[in-house]
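Same order as they appear, the protein sequences are chains L and D.
When we follow the numbering used here, the leftmost residue of the first sequence carries the number 1, and every step to the right adds one.
When we follow the numbering used here, the leftmost residue of the second sequence carries the number 1, and every step to the right adds one.
It should be emphasised that the hints constitute simulated quantities derived from the structure, not laboratory data.
Don't be surprised by glycine CBs; every beta carbon is placed ideally from N, CA and C.
Hints should not be assumed to be uniformly reliable.
[What the hints assert, rightly or not] Derived CB-CB ranges, DEER-like:
#1 Ala364(L) / Ala87(D): 55 to 65 Å
#2 Ala87(D) / Asp433(L): 42 to 52 Å
#3 Glu251(L) / Ala93(D): 14 to 24 Å
#4 Leu391(L) / Gln57(D): 57 to 67 Å
#5 Gly229(L) / Arg67(D): 43 to 53 Å
#6 Gln372(L) / Asp37(D): 25 to 35 Å
#7 Ser79(L) / Ala90(D): 48 to 58 Å
#8 Ala90(D) / Pro404(L): 30 to 40 Å
#9 Glu251(L) / Leu41(D): 32 to 42 Å
What follows is each chain in one-letter form.
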Amino acid sequence: MAASAMGKRLVLSSVLCATMALGTCPVDAVAKDNTPLITRIQPRTSYPGSMALQDLLRPASTHPTGIIIDPQVSNYPQSIIDRLLTHWDGVKPKVQVFLVPTEDFTSDVSEAGAIFINAGLIQYFHDNRDIQSEDALAFVLAHELSHVLLGHTVAQQRNTNIKNYASAAVKWGTLIGGAVSHAGSVAGEALVSNMGAKALADTALFPSWSRGQETEADTLAIDLMARSGYVLDEALKVERVLVAEEKRDAEKNARAKKTGPQKFQIDSVTLTASKPDDLDGRLVSGLNTLTQRHPHAEARLKAVSQYIDHVYADQDIIALHTRPMVTWINSAAVTSFLNQMNLLQSAAEAVGNNNWSAARPTLAKIGFPTNQSAYWTWLHYMVEAHTGKTLDALQILIKAANRPDVTLPIALEWGKLLTQLGKADAAEKYMADEQNKFNDRSFLPIRLLNARKSKNGVMNVKLEAQCEAIGDDGIEQQCIAAQKQTP
Amino acid sequence: MYLVTGCILALPLSAQAAGGKQITGTFAETVPVYGLDHKRLGQFPAAELIGDPIVGQDAGTGLLKVRTDKGVVLVKPAAVQTNITSAPPAETACVKIGPGSIDQAGGISNNLGSGCHGS
Chain L
1 MAASAMGKRL VLSSVLCATM ALGTCPVDAV AKDNTPLITR IQPRTSYPGS
51 MALQDLLRPA STHPTGIIID PQVSNYPQSI IDRLLTHWDG VKPKVQVFLV
101 PTEDFTSDVS EAGAIFINAG LIQYFHDNRD IQSEDALAFV LAHELSHVLL
151 GHTVAQQRNT NIKNYASAAV KWGTLIGGAV SHAGSVAGEA LVSNMGAKAL
201 ADTALFPSWS RGQETEADTL AIDLMARSGY VLDEALKVER VLVAEEKRDA
251 EKNARAKKTG PQKFQIDSVT LTASKPDDLD GRLVSGLNTL TQRHPHAEAR
301 LKAVSQYIDH VYADQDIIAL HTRPMVTWIN SAAVTSFLNQ MNLLQSAAEA
351 VGNNNWSAAR PTLAKIGFPT NQSAYWTWLH YMVEAHTGKT LDALQILIKA
401 ANRPDVTLPI ALEWGKLLTQ LGKADAAEKY MADEQNKFND RSFLPIRLLN
451 ARKSKNGVMN VKLEAQCEAI GDDGIEQQCI AAQKQTP
Chain D
1 MYLVTGCILA LPLSAQAAGG KQITGTFAET VPVYGLDHKR LGQFPAAELI
51 GDPIVGQDAG TGLLKVRTDK GVVLVKPAAV QTNITSAPPA ETACVKIGPG
101 SIDQAGGISN NLGSGCHGS
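Okay, chain L solo, but in the shape it has when bound (with noise of 0.2 Å):
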């Protein structure tokens, strides 16, 4: 334990002593001598071979969300993608796209170099049309395939870590609290609560990313653009649609301040401190005016409109291209898989308020190919489990426990059902298997639980070394009320 506390002030000191020299609001990116980020790197001498289905997926299959597989829909943002990977001069990546069935305008890619694109992506695009241009689309897509290509992806399970580690200080207390104790005064807590959440900000707690791979990836993704004959200046209107959401988020956060406890939130990200006047609260506060002070969006945007007009100034004016767009944008295809979505929302509200009654026809509504997806299963799984229907719910399960793009929720309620059942053996190959696949350790506290119900002795004891190992506080209060329960 005190090893892993060690260790975590470690990374703690490192990454707030590597942000110390940050005084100010980040510099403006712009090209040194106005050549193309593009023929300055050393592109990747290979990638990933062929994986399995869930280790491509990792870790987006971590929500229940899961994806929807439509190549009708899918096919066309693959192509622009197949485009911009023409013009790549190195070892071309094999990277496929998948959609995601949530309301969040945004897009991502996985360690393994999947691209997920959300259905509230598509939804924007779709309701606004001067952004209708496969070009604009095509920043999107050249942005996630430019973290592939600058080897983000591989450091993306560091940044999992820093992100885990810096989030778990935030929510616990134990790592903000030994620093702050090693400072050793008012001052020390002030520079917690202010570089800290500007380390935090920038490198761990950002979502994934850090803002320097953002910018990073934004330049490249011109550079691809330029490369394939897009129009350039398409990419400002996605950053234009950031800055708002951004810009609505802080003016949220800081209408919160006033009335509830002290938040901070961004992108998915929210933290609340427990107790205003602590150190969680000055933390919290610290982050709500670190990114009201520097908008990532702003600056972001800024840096992409100074990079075209630098390095790509002589360019020709070109056309758009906004037929495809337009065409595939208003397809039955794209307008039905948009209609679904919205009934999964409205299913997965449903089932939030466990109003199953409401749940179980809109489901019924929807169509292949969602009614095939994870998400469609687990919501059915959960309407069936809820509603007495126990037999028809396990056989759902049965089968979505052993799907290709199986998501985390439905792995472990498959996990926690065959501990109940009594079917030890199988229960802790199928959850360490898992727990493996996903790289998520949220099955070791039902592992515990299966190990002792089942008077495993051994295992009960590699369980619980592998939970004080891990120094996750959050983890090991899950593995101790694990080892408290009744088996």
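Let chain L serve as the given structure and place chain D on it in line with the hints.
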């Protein structure tokens, strides 16, 4: 990797016209401008453009239509700073529908907004 090398010329906030879209700054002292036929007209001094209203967008190319003292010209969007804004995306409804990962910070993973689901 990158340093600030260019100057930014900008309109003081107080001078920005209320309501209308306009050029608020540039990244260089001169900006290339084009005619409505997309033929290059030359370089305009930034001072002549800053504060000019943006009256539309060229449908075929995405260039900004700017009304200057010399008439309407086209300008590449990345060559100028503007007060153009976009509509924000719809707000996400966060729904808790089951167990999330206890191993992911704050319930997030990989920048996918579904981090709130099940966390």
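Results of checking the hints against the structure:
A hinted range of 55 to 65 Å is violated for the C-beta pair Ala364(L) and Ala87(D), which are about 33 Å apart. The hinted range of 42 to 52 Å is satisfied by Ala87(D) and Asp433(L), whose Cβ atoms lie roughly 46 Å apart. Taken as a hint, the range 14 to 24 Å holds for the pair Glu251(L) and Ala93(D), whose Cβ atoms sit roughly 18 Å apart. The hinted window of 57 to 67 Å between Leu391(L) and Gln57(D) holds, with their beta carbons roughly 60 Å apart.
Take Gly229(L) and Arg67(D): their Cβ atoms lie about 30 Å apart, and the range 43 to 53 Å is violated. The hint said 25 to 35 Å for the Cβ distance between Gln372(L) and Asp37(D), and at roughly 52 Å that hint is violated. For the hinted restraint 48 to 58 Å between Ser79(L) and Ala90(D), the CB-CB distance of approximately 27 Å leaves it violated. Here the CB-CB span from Ala90(D) to Pro404(L) is close to 31 Å, well matched to the stated 30 to 40 Å.
Taken as a hint, the range 32 to 42 Å holds for the pair Glu251(L) and Leu41(D), whose Cβ atoms sit roughly 41 Å apart.
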